[in-house]
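*Asks:* The chain contents come next:
There are 2 protein chains.
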Amino acid sequence: MKVLKRGEFNFRRGYIVYPRLVVVVGVKLEDKINFMSVVWNSPLSFDPPLYGVSIAPKRYTHDMLLTAMEFSISFFPYEMAEVVEKFGTVSGREVDKVKEFGIELLEPAALDVPIPAGAYAVLECEYFDHKLYGDHTWIVGEIQAIHYDERVTGSRYNMPVLDFDRARPVLYGGSGEYITVDPRSIRKLR
Amino acid sequence: MKVLKRGEFNFRRGYIVYPRLVVVVGVKLEDKINFMSVVWNSPLSFDPPLYGVSIAPKRYTHDMLLTAMEFSISFFPYEMAEVVEKFGTVSGREVDKVKEFGIELLEPAALDVPIPAGAYAVLECEYFDHKLYGDHTWIVGEIQAIHYDERVTGSRYNMPVLDFDRARPVLYGGSGEYITVDPRSIRKLR
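Note that the protein sequences, when read in sequence, are chains E and Z.
Here the working numbering is used: the first residue of the first sequence is 1, the next is one more, and so on.
Here the working numbering is used: the first residue of the second sequence is 191, the next is one more, and so on.
If you're looking for bench data, these hints aren't it; they were derived computationally from the structure.
Among these hints, one or two may not hold up.
What the hints assert, rightly or not - Taking lysine-lysine pairs in the DSS-like style, the calculated list, with each CA pair at most 25 Å apart, reads:
id, chain 1, residue 1, chain 2, residue 2
1, E, Lys-28, E, Lys-86
2, E, Lys-58, E, Lys-86
3, E, Lys-2, Z, Lys-248
4, E, Lys-188, Z, Lys-222
5, E, Lys-86, Z, Lys-378
6, Z, Lys-195, E, Lys-28
7, E, Lys-28, Z, Lys-192
8, Z, Lys-222, Z, Lys-248
9, E, Lys-131, E, Lys-28
10, Z, Lys-218, E, Lys-5
11, E, Lys-86, E, Lys-99
12, Z, Lys-321, E, Lys-131
13, Z, Lys-276, Z, Lys-218
Whenever a hint applies, use it, and build me the whole structure from the sequences.
*Replies:* Take a look at the structure:
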């Protein structure tokens, strides 16, 4: 094993901790709607159901979300990697991404948040907490509704579960690279 | 799209937001060493380099980590999924996982944390912060050293980057299922 100590590595290029399941955060503020890809994200609690996303303060979505106090978290299929890439690299300050990328919007069920067609799952989140960690803000939402595409999910446990034979989630590999899972590699160990 | 509103879903079975890159948290406290798999995790900041892991307060690792105030975060290959599964389902209260699972330990470079052989990358983390979110504690560490296996990494950007042709990261798909990526699906979009 090689070692890089603090001062010898630049975590901005810390792609060794990738690939990661990338999500798209959606916010609606008055008549403005914006979507942004977020690679740093994680579930945080079962009950209440909480989910965190990490967004740099300079990003357009940051203040917009903290004003709207609600947001959506969408999971896109690998086939839509180009859109996910654009959501992450084009700023909502300059471009109306909904119009520019031809995003169709579906009806939310619990909150006033944008639900993009094409995602296989979308969480409607109410603001729960936020905290600055270094150069990014960790924004936590409480899940108030879950949308999911029946065509790509199984229904074990009375809950939608991704069926890897039918849906391939898009993972971000770092440096503009996208990748998905190999359904043949599934191993059930419990 | 189908919708489940709050009260209609149990996020304990929220596998629709999987698969996720699973990490193994290692802690040393006095002469005791323990490892635990953590599915909910995320990078949080470039500078300082911060990384968060979500651990339920009832877990043996929880108090052990908050006493030791330092920990390691390891990334294992798909081929070691059985060990990752055991790290996550067997408690360090009952079993000495290092001895039981035959884990060889390597030398740390910056902190007194356990570095497991077999991982393709390990981060040495100093305690930075922790906060209770619902039923799990979000524990944040500041990365003081990065270990990585040269055999499975490329070196773009003067930083180790996972080479998906040589290393296949282990992802957790929920419900005891493990999966890895398909190297043929890599698409460079930037």
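*Asks:* Confirm or reject each hint.
*Replies:* Hints, verified against the model:
Restraint check for E:Lys-28 and E:Lys-86: the C-alpha separation of about 18 Å stays at or below 25 Å, so the hint holds. For the suggested pair E:Lys-58 and E:Lys-86, the alpha carbons sit about 18 Å apart, so the restraint of at most 25 Å is met. At roughly 35 Å between alpha-carbon atoms, E:Lys-2 and Z:Lys-248 are farther apart than 25 Å, so this suggested pair is violated. Restraint check: the Cα-Cα separation between E:Lys-188 and Z:Lys-222 comes to about 31 Å, which exceeds 25 Å; the hinted pair is violated.
This hinted pair checks out: E:Lys-86 and Z:Lys-378 have alpha carbons roughly 13 Å apart, not beyond 25 Å. Distance check on the hinted pair: Z:Lys-195 and E:Lys-28 sit about 20 Å apart at the alpha-carbon level, within 25 Å; holds. A C-alpha spacing of about 22 Å is found between E:Lys-28 and Z:Lys-192, which places the hinted pair at or below 25 Å, so the restraint holds. At most 25 Å may separate the alpha-carbon atoms for a hinted pair to count; Z:Lys-222 and Z:Lys-248 meet this at roughly 18 Å.
Between E:Lys-131 and E:Lys-28 the alpha-carbon distance is near 21 Å, which keeps this suggested pair within the 25 Å criterion. With a CA separation close to 20 Å, the supplied pair Z:Lys-218 and E:Lys-5 stays within the 25 Å bound. For the hint pairing E:Lys-86 with E:Lys-99, the CA-to-CA distance comes to about 13 Å; that is within 25 Å, so the pair holds. Only pairs whose Cα atoms come within 25 Å are accepted, and Z:Lys-321 paired with E:Lys-131 is accepted, the gap being roughly 10 Å.
In summary, the hint linking Z:Lys-276 to Z:Lys-218 is supported, as the alpha carbons are separated by about 18 Å, within the 25 Å threshold.
Of the hints listed earlier, those the structure fails to meet are numbers 3, 4, in rising order.
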